[in-house]
Amino acid sequence: MSKVVSFAKLTEGLTPPDLVEVQKRSYWDFLQLEAPKHKRQNAGLQAAFLETFPIESPDKTYRLDYVHYSLGKPKYTVGECLRNGLSYAAPLKVKLRLAGPKDAKEQEVYFGEIPLMTETGTFVINGDERVVVSQLHRSPGVTFEVTVHPTGKRLFSARIIPYRGAWVELDFDTADVLHVSIDRRRKIVGTILLRALGYSTDEDILNAFGKTETVSFSQPEDLKPLIGSFLGERIMDSTTGRIVLRAGTKISEEWLDTIWQSGKRELKLVSDAPAEILKTLEKDHTTSRQEALLDIFRRLRPGDLVNLPSAETLIQRLFLDPRRYDLGSVGRYVLNRKLSMSEGLTARLLSGQTVVQVIKYLLGLRRGEGEIDDIDHLGNRRVRSVGELVYHQFRLGLERLERTIRERMAVYDLEKVMPHTLVNFKLVASVVRDFFARSQLSQFMDQTNPLAELTHKRRLSALGPGGLSRERAGFEVRDVHPSHYGRICPIETPEGPNIGLIASLSTYARVNEFGFIETPYRRVVNGHVTDQVDYLSALEEEKYAIAPCHLKLDKKGRFLEELITCRKAGEFTIVNPGDIGYMDVSPNQLVSAAASLVPFLEHDDANRALMGSNM
0 MSKVVSFAKL TEGLTPPDLV EVQKRSYWDF LQLEAPKHKR QNAGLQAAFL ETFPIESPDK
60 TYRLDYVHYS LGKPKYTVGE CLRNGLSYAA PLKVKLRLAG PKDAKEQEVY FGEIPLMTET
120 GTFVINGDER VVVSQLHRSP GVTFEVTVHP TGKRLFSARI IPYRGAWVEL DFDTADVLHV
180 SIDRRRKIVG TILLRALGYS TDEDILNAFG KTETVSFSQP EDLKPLIGSF LGERIMDSTT
240 GRIVLRAGTK ISEEWLDTIW QSGKRELKLV SDAPAEILKT LEKDHTTSRQ EALLDIFRRL
300 RPGDLVNLPS AETLIQRLFL DPRRYDLGSV GRYVLNRKLS MSEGLTARLL SGQTVVQVIK
360 YLLGLRRGEG EIDDIDHLGN RRVRSVGELV YHQFRLGLER LERTIRERMA VYDLEKVMPH
420 TLVNFKLVAS VVRDFFARSQ LSQFMDQTNP LAELTHKRRL SALGPGGLSR ERAGFEVRDV
480 HPSHYGRICP IETPEGPNIG LIASLSTYAR VNEFGFIETP YRRVVNGHVT DQVDYLSALE
540 EEKYAIAPCH LKLDKKGRFL EELITCRKAG EFTIVNPGDI GYMDVSPNQL VSAAASLVPF
600 LEHDDANRAL MGSNM
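Heads up, the sequence shown is in numbering that gives the first Met the number 0, so the first residue is 0 and it goes up one at a time.
Don't take every hint at face value.
Okay, derived cross-link-like pairs now, DSS-like style, lysine-lysine, Cα gap no bigger than 25 Å in a straight line [claimed, not checked]:
#, residue 1, residue 2
1, Lys415, Lys104
2, Lys92, Lys72
3, Lys8, Lys36
4, Lys74, Lys23
5, Lys425, Lys415
6, Lys72, Lys425
7, Lys36, Lys152
Rather than coming from a laboratory, the hints here were simulated on the basis of the structure.
Produce the complete structure using the sequences and hints provided.
In structure tokens, the structure reads:
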């Protein structure tokens with residue numbers, strides 16, 4: 000084997016990675032071929048089946064369960080498929096169990112063919128080599144924004160974005176009242192949603208945002224010092240049982256007699272309750288969870304017959320059904336990080352506690368605490384690679400199949416049928432086939448030369464289903480962002496209407512388990528550059544001062560200069576060597592594989608470099 004000799008002045012701090020790994024690892028995780036059938040992780044193909052099955056018959060007596068899946072050997076080799084216009088794919092067989100009152104019947108059912116990835120990270124579909132381009136899209140989780148009202152007042156808003164399901168937008172109006180919009184429908188008072196998610200009474204809501212204390216009194220005069228305090232509980236009329244004063248009401252002199260007449264001799268008071276929450280409770284006409292559910296139903300389903308079971312079903316479907324609403328492990332990770340929560344990554348439904356934490360963060364923003372999100376920052380954008388894109392299509396096919404299975408269960412005599420009678424595999428196979436043949440992200444591989452092939456496999460697109468469109472994309476989303484450093488190449492992008500919407504991964508960049516792009520840095524400890532390499536995401540990087548790789552070091556790896564220009568939180572700053580956290584691994588880290596091959600790239604005009612990297 001020939002030896003590679005480097006004439007570079009700077010030694011690379013890290014061996015360049017497998018440049019097609021982003022494609023191969025993603026599809027590998029989707030299929031989980033190496034994992035034993037009963038020990039597969041809840042991801043990819045396995046997750047799609049587990050989210051669809053079990054399927055019950057209308058009378059709930061029979062149930063179709065998923066057991067496991069297996070992939071057979073491909074019928075033809077890659078070469079044979081390319082020569083004969085065939086698809087390189089393997090047969091997918093799924094073991095299903097039809098369980099009834101008397102017995103359970105197991106059977107392996109053919110589910111069509113699923114395309115396999117070649118060793119070079121491509122697919123062969125109908126004799127053509129194709130590449131599925133990774134998509135860059137907005138990350139699930141929560142984002143906080145600010146707008147300026149014509150009066151000059153800053154209005155803060157939050158958006159809870161799930162991986163799948165209804166968006167929830169929360170904002171304060173000019174009167175400091177909190178409003179909520181579900182799936183971009185008409186706004187409702189914010190506390191109504193909290194009631195529907197478990198904080199049913201005014202007391203529960205106030206306890207979530209403030210502290211309560213109990214005071215005792217034995218005569219009317221003892222109540223006078225309480226004037227100006229806020230009630231932490233409702234006051235009922237002792238004779239009629241009606242609510243006279245709601246929790247959160249400010250105690251004034253006129254209410255003292257009412258409180259005394261109610262027969263109470265102990266009173267809960269709330270302190271530290273934000274004024275915005277008290278104002279919102281004043282506007283909230285509901286007093287219980289049932290009333291809140293009915294109010295949400297009226298807003299989201301105008302014209303439908305209003306009743307409690309329908310309202311309960313609606314909120315269940317919107318936020319509490321894992322098949323319809325899913326924050327995803329990414330969404331939960333983002334929420335935990337942003338709101339300092341410690342929920343497990345499996346808590347993927349919208350809870351009342353999560354909404355309370357979002358509201359608390361919004362209240363903090365109004366008081367100058369916390370930070371507004373930049374939606375173009377790579378901490379708020381993630382990569383959907385080939386495995387995830389195929390998973391979405393497969394799940395779509397399984398949803399159609401589920402409807403067919405339910406219809407067949409209602410018609411057939413389930414005592415006599417086997418699982419294969421209920422399954423029409425063509426519904427799933429056709430969706431997957433259409434994705435590979437017709438999707439905007441499944442493209443003919445650019446085979447001009449080996450570099451063109453490699454670049455195509457490392458390409459990122461903001462277009463495609465669930466992404467942006469050329470017409471709607473503004474300047475900001477196309478522009479180079481400081482968080483792109485070492486993650487997305489600032490040079491390689493097409494000229495014309497797609498500029499900035501199609502980009503390329505930087506040479507050393509990789510995609511982590513949550514889909515965020517990471518770049519490697521050498522660890523610096525007390526001014527000493529070590530050989531330890533850490534991969535950091537755009538948000539993790541913000542905490543550290545990062546030195547460029549061209550700085551001179553002594554034999555022990557210490558910086559020779561006393562003051563060093565570094566990057567920190569997207570800005571350039573001058574720091575002491577002891578304050579540096581990391582150092583770049585290579586000058587090539589900034590640009591893509593194609594741009595790094597342009598000689599003396601740093602001397603080129605930026606527009607000229609863009610043309611050169613595309614040639």
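Okay, the hints, checked on the actual structure:
{"no.": "1", "hint": "Lys415 with Lys104", "in the structure": "10 Å, holds"}
{"no.": "2", "hint": "Lys92 with Lys72", "in the structure": "11 Å, holds"}
{"no.": "3", "hint": "Lys8 with Lys36", "in the structure": "51 Å, violated"}
{"no.": "4", "hint": "Lys74 with Lys23", "in the structure": "21 Å, holds"}
{"no.": "5", "hint": "Lys425 with Lys415", "in the structure": "23 Å, holds"}
{"no.": "6", "hint": "Lys72 with Lys425", "in the structure": "20 Å, holds"}
{"no.": "7", "hint": "Lys36 with Lys152", "in the structure": "58 Å, violated"}
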